[in-house]
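Going down the list, the sequences are from chains F and W.
This note's numbering applies: residue 1 is where the first sequence begins, and numbers increase by one.
This note's numbering applies: residue 1001 is where the second sequence begins, and numbers increase by one.
Treat the hints as calculated values from the structure; they're not laboratory data.
Virtual Cβ for every residue (Gly too), placed ideally from N, Cα, C.
A couple of the hints might just be wrong.
Computed footprint of chain W on chain F; a stretch qualifies when at least three of its residues, placed anywhere within it, have a C-beta under 8 Å from a C-beta of chain W [said to hold, decoys possible]: (1) 116-126; (2) 177-186; (3) 199-209; (4) 342-356.
Lysine-lysine pairs mimicking BS3-like chemistry, simulated, CA-CA at most 27 Å apart [what the hints assert, rightly or not]: (5) F:Lys101 x F:Lys60; (6) W:Lys1304 x W:Lys1130; (7) W:Lys1120 x W:Lys1308; (8) W:Lys1120 x F:Lys240; (9) F:Lys181 x F:Lys226; (10) F:Lys244 x W:Lys1130; (11) F:Lys147 x W:Lys1130; (12) F:Lys244 x F:Lys101; (13) F:Lys356 x F:Lys324; (14) W:Lys1130 x F:Lys226; (15) F:Lys118 x F:Lys101; (16) F:Lys348 x F:Lys181; (17) F:Lys147 x F:Lys302; (18) F:Lys52 x W:Lys1162; (19) F:Lys302 x F:Lys312; (20) F:Lys303 x F:Lys240; (21) F:Lys240 x W:Lys1112; (22) F:Lys273 x F:Lys302; (23) W:Lys1120 x W:Lys1130; (24) F:Lys226 x W:Lys1120; (25) F:Lys244 x W:Lys1162; (26) F:Lys181 x F:Lys60; (27) F:Lys348 x F:Lys147; (28) F:Lys240 x F:Lys147; (29) W:Lys1163 x F:Lys60; (30) F:Lys273 x F:Lys312; (31) F:Lys181 x F:Lys333.
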Amino acid sequence: MHKFLIRSFVSSLVLLFTLTVAAVAKDVKAAFVYIGPTGDHGWTYQHDVGRKAVEAAGFKTTYVEGVPESADAERVLRQLANSGHDVIFTTSFGYMNPTNKVAKEFPNVKFEHATGYKREHPNVSTYAARFYEGRTILGTIAGTMTKSNIIGYVASFPIPEVIRGINSFTLAAQKVNPNIKTKIVWAFTWYDPGKEAEAAKALIDQGADVIAQHTDSTAIVQMAEKAGVYAFGQASDMDKFAPKAVLTSVENNWGPYYVDRVKAVANGTWSQKDTWHGIGDGMVVISDLDSQMPADLRSKVKKLQADLASGKVHSFTGPIYDQKGNLMVAEGKTADDGMLAGMMTYVKGVEGDIPK
Amino acid sequence: MIIDINFIGLIIASIMASAVPLILASCGELITERSGVLNLGVEGMMIIGAISGFALMTVTGSLIIAIFGAMLAGVLISTIFAFLTQTLITNHVATGLALTIFGIGISAMIGKNFVGIPGKEFPVLFEGLKDTIPLLGPILFGHSIVFYFAFALPFITSYFLKKTKIGLIVRAVGDSPESASNQGINVRLVRYACILYGGAMSGLAGAYLSMIYTPQWIENMTGGRGWIALALVVFSTWNPIKILIGAMIFGGLTIIQFHMQAIGVRIPVQFLTALPYIVTIIVLVVISRDSRKIRLSTPSSLGKSFHKDN
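For reference, chain W alone in the conformation it holds in the complex (with noise of 0.2 Å):
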C-alpha cells in the first residue's frame, strides 16, 4: 500500500469529480426551493439531461451544442412543471414525482438508438501542471470545465441570495409571496424563472454524468443521485457552501470504502456501503443546529402553491 502525498492528491481529486453532479443538481434545487417551489423531479431532469447531452453529442459532435443542449433540456422538461405547478397550480410533490417518471421512461425511450455506443473524449484544463506541484497539482489541474463551474457555484449561489438584489427577491417570494406580491413583485414570474434555472443545472448534472464522468448512455445511470442532492438541499438546510460540503462527504465516503475495501480493512461491507448516507445526514444534522440560522433561510412557503386572487 503506497499512501505518499500524491496518492492522497488522488483521492481527493476522485472525490471532488464524483461530487460535481451532486453540487449542481442541488445548488439549482435549491434555488427552486428559496423561491417556495419543491420540485421532487431532479432525478427526472438529470436523466433527461444525461440522455439529451449524449444523443446530441453523438449526433452533432459537438461538445458544446451537448453540453447546452442538455441544460435546455433539464429547462424544457422544467416548464412542463413550473406550467402544472405555477399556472395550473397543482400540488408540487406530486407533480414532481410525475416529472421523475416521466423523465426516465422518455429517456429511455430516446436512449434506445444510443445504447452500446462508446462517448467522446471531453477535454480538461491544465492538464500538463498537474505533476508541478504535489498533493495540489491532481486536485486543482487536469479538469473538465464543468469540473470548475461547479466548485464555483456554491460560492456564486450565495453570494447571489445574499447580496444582489434578486437574490433577495427570490428569498422574499419563497418565504411569504403575499407580501412579495403586495410590494409589486410577479410570484409567478420568480418562480417559473427559478424553477427554469433549477432544470438548467439538474441537466447540467446529468451531462455531466453521460458526458464527462462515464461517457456513455444506459438507462437510469443517475442512479438516485438526483434523490441525493434533493435530500443534501434540505439537510443543508438551504445553505449552498453546506451544500458543497454535503456532496463532498458523500462523494468521499463513497470512494473511502471502496479504497478501505481494497485494503482489505476488516469491516463488513455493507456497512460500509451505507456509510456515505448515515455520515452525511449526521454531519449536516450536527453542523445545522442552530435553530435561528435554520429559520432563517428556510423558504417558510416551501411547497405551498401560491394563487394570485386578483
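Bound-form chain F, shown alone (with noise of 0.2 Å):
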C-alpha cells in the first residue's frame, strides 16, 4: 500500500513536471512510461537507456516512472496524449489494456507497447525481445563450464518469458552435457538483492557450480563471486560487479528499436507493427566473453551467436519432449511463434514443477 502511495505521488509531481515542461515545441517528442523506477539497475533501466538514445538522435522526450499497471496507467497516458506527444512507449506486459483503450481515444498519437500482442487499433504496435536466443547461449556456456553438472536458476514469476527462458537454456545445456541438472528456485520478486542472494546462496550451498539469473539486480552475481563459482549477468553487462563469476551477461538493448519508431513517426513512416527482435537485430546482445572460457568454447560461443543471429539455428528445435515425454515439437521442426509466446510447460530434464 506504502509503496502505491508513494508512486501515485511521485508519478503526479512528475506528471505535473512534464505537462508544464512539454505543449512548447513542435518537433517530434517521445513518451515513455516505466513500471518500476530507473534506478532498479534492471529492466526499466535499461529502456531509460533507450530512451537517452532517442535523446541523443536529436528528439525531445519525458518519462513517467513508477505508473502501476492500474487505472493510474491510464490517467497518465491519457496526460501525456494530451500533451503533445506523438508517440508513447509502454513498458510493460500490464499496460497492454490501458494502452490500447487510450490509443482508442487519440487516434492521431502512436502507441507502442512492449511484451504485449494486443493491437486493437492502427495506431498500436508491440514489440519484444527474443531474450531466449541469449538463453540458448548462456544454457551452452553453462552446461560446459559445470564441473558438478549442477546449474542453479534463480527465476522471478511464473510467466512464459520465463518459462521460455528456462527452457531454452536447459536444452542448450542438455545439447552439450547430457547429465547436467537444472534446478529453479523462484524468488517471486523481480528485484529484491537481498532475496535473490538468499536464493542463490540455497543454490549453490546445494552444490550448482553456475547460477542463471531472471531476476533483475546484481546480488545474484555478487553472491557467485563470493562463493567462487559462475553466474551470468541479466539485462544490462554486469561484469564489474563480479568480475571471475560472471562468464557473459545478455543485455537488453531497446535504443536501435526506439530510434527507429521516433524517427518514422518524424518521417510519416510510421505503421502499425508487431516486433520480436532478437539477437540477429541487435535487440539482444552479448556481453564480452570472460576468458576464463576455454578457447574452443569462446569460438562455439560466438558461431552459435551467428547462427541464431542468421536463422540457421533456432533455440526450440525438435525434438522437443516436455516433463512427460509428451512430444512437443517434432524433430525437424521449431517452435513457432504463438508456441513461444504462450509457453507454459516445462521441457525434459528441468526438475520440479511450474508454481500455479
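Assembly of the complex is requested from the two constituent chains, each provided in isolation within its own frame, with the hints serving as guidance.
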C-alpha cells in the first residue's frame, strides 16, 4: 500500500512537471512509461538507456516512472497524449489494456507497447525481444563450464517469458552435456537484492557451480563471486560487479528500435507492426565472453551467436519433449511464435513443477 | 543432495546473516517504543542508511566513515521525526508514515548517481578459523563486525532495560510519562534520545544491506524489511531476546524454503513463500502468551503524545 501511495504521489509530481515542460516545442516528442524506477539497474533502467539514445538522436523525450499497471496507467497515458507527445512507449506487459483503451481516444498519437500482443487500433504497435536466444548461449556455456553438473536458476514469476527462458537454457545445456540438472528456485520478485542473494546461496550450498538468473539485481552475481562459482549478468553487462564470476551477460538493447520508431513517426512512415527481435537485429546483445572460458568454447559460442542471428539455428528445434515425455516439437521442426508466446510447460530435464 | 554437518553449518550461517538487518532495526525500534514513541518510519530510516552508507563508501572510499555516516544519517532523519512528534506534538503514526515516504523518495533522489556502481568488499573477521571446527566454524567465524554486533545487541538491550538506571528511566517514561515527569525526569529529552538511537540502528541496518549483505545500490532495496522489523517488535512483546528468535525464524524460513525448492520438495511455492510470515507470527504469539509478562513489558503509553503543561 505504501509503495502504491508513493508511486502515485511521485508519478503525479513528475506528470505535473512533464505537463509544464511539454506543450512548447513542435518537433516529434516521445514519452516513456515505466513500471519501476529508472534506478533499478534492470528492466526499467535498460528502457531508460534506450530513451537516452532517442534523446541523443535529437528528439525530445519525457518519461514517467513507477506507474502502476492499473487505472493510474490510463490516467498517465491520457495526460501524456493530451500534452503533445507524438509517440508513447509503454514498457510493461500490464499496460496492454490501458494502452489500447487510450489509443482509441487519441488516433493521432502512436502507441508502442512492450511485451504485449493486443493491437486493437491501427495506432498501436507491439514489440518484444527474443531473450530466449541469449539464454541458449548461456545454457551452452553453463553446460560446458559446470563440474558438478548442477546448474542453479533463480526465477522470478511463472509467466511464459520466464518458462521460455528456463526451457531454452536447459535445452542448450543438455545438448552439450546430457548429465546436467537444472535446479529452479522461484524468488517471486523481480528485484529484491536480499532475497535474490539468499536464493542463489541456497542453490550454491546445494552444489550448483553455475548460477543463471531471471531477476534483475546484481546480488546474484555478487553472491556467486563470493562463493567462487560462475554466473551470468541479466539485462545489462554485470561484469564489473563480479569480474571472476560473470562469464557473459545478456543485455537488453532497446535503443536502436526506439530511435527507429521515433524517426518513422517524424518521417510519417510509422505503421502498425508486431516486432519480436533477437540477436540478429541487435535487440538482444551478448556481452564480452570471459577469458576464463576455454578458447574452443568461446569460438563455439561465437559461431552459435552468428547462427542464431542468421536464423540457421533456432533455440527450440525438435525433437523437444515435455517433462512427461510428450512430444512438443517434432524432429526437424522449430517451435512457432504462437507456441513460444504461450509456453507454460517445462521441457524434459527441468526438475520440479511450475508453480500454479 | 549432500546433507553433511558443514552443510547445516552453512545454512545456519546464511540464516544468521539474513537476520542481521532485522535484529538491528528491531532492537533500535524497541528502545524507541519502550520510551512510549511509536516510530513507523523504520523502513524510511533504513533506506536512508542504505544510500548514505553506499554513497559515502563510494565517495570517500572509507568503510568506517560510511558505516558511521549511515548511522548519523539515520540519526538526522529521525531528528525530524523527534522534532515533529516531541516538540510540535504531532501524531506518531502519521509522522512515522510520512518519514518512510520521505526516506524512500529522498534516497531515490540521492541514489540516482549511484546506480550501477559495484560496492567494495567489506572485511570479515576470523576467516581462517572457518574450517577448524566442523558445524560451528562457518557459524562463528568469517563474518563482518556488524554481524557480531547485531548478535550481541539483543543481550545488551535486555541488560540495559532490566539492569541499568537509564534503562529504568526509559521504561518509566514509556509507561507513565506523567509520573516520570513528576519525578523530575525530562520526558522529552529521554524520548528524543530514544528516537535518535532507533534512527542510528535503522541506519546501520540499511548500511548492512547496501554495504555488506548485497553491496550495491538500487531503489527500494530494503524491500519492506523495515516493516518486518516493526512487526517483530510488537509480536515479540517488546522483548529483545524474542526479537532475536523471531528474526532467526523469519530469516531461517526464507532460506529454508529456497532450499526446499532446490531439493524439489513438492509443496506449492506460494505457500513456501508465505511460510516465513505465518510461522514467525504464530511462534511469537505462542511464546508470548503469558499475559502478566506482556503487561509488564508493553509500554503503556505507546504512541500517546506527552504534553507537559507547565
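Which earlier hints can't be squared with this structure?
Hints 1, 6, 7, 12, 18, 22, 25, 26, 29 are the ones this structure does not satisfy, whereas the remaining hints hold.
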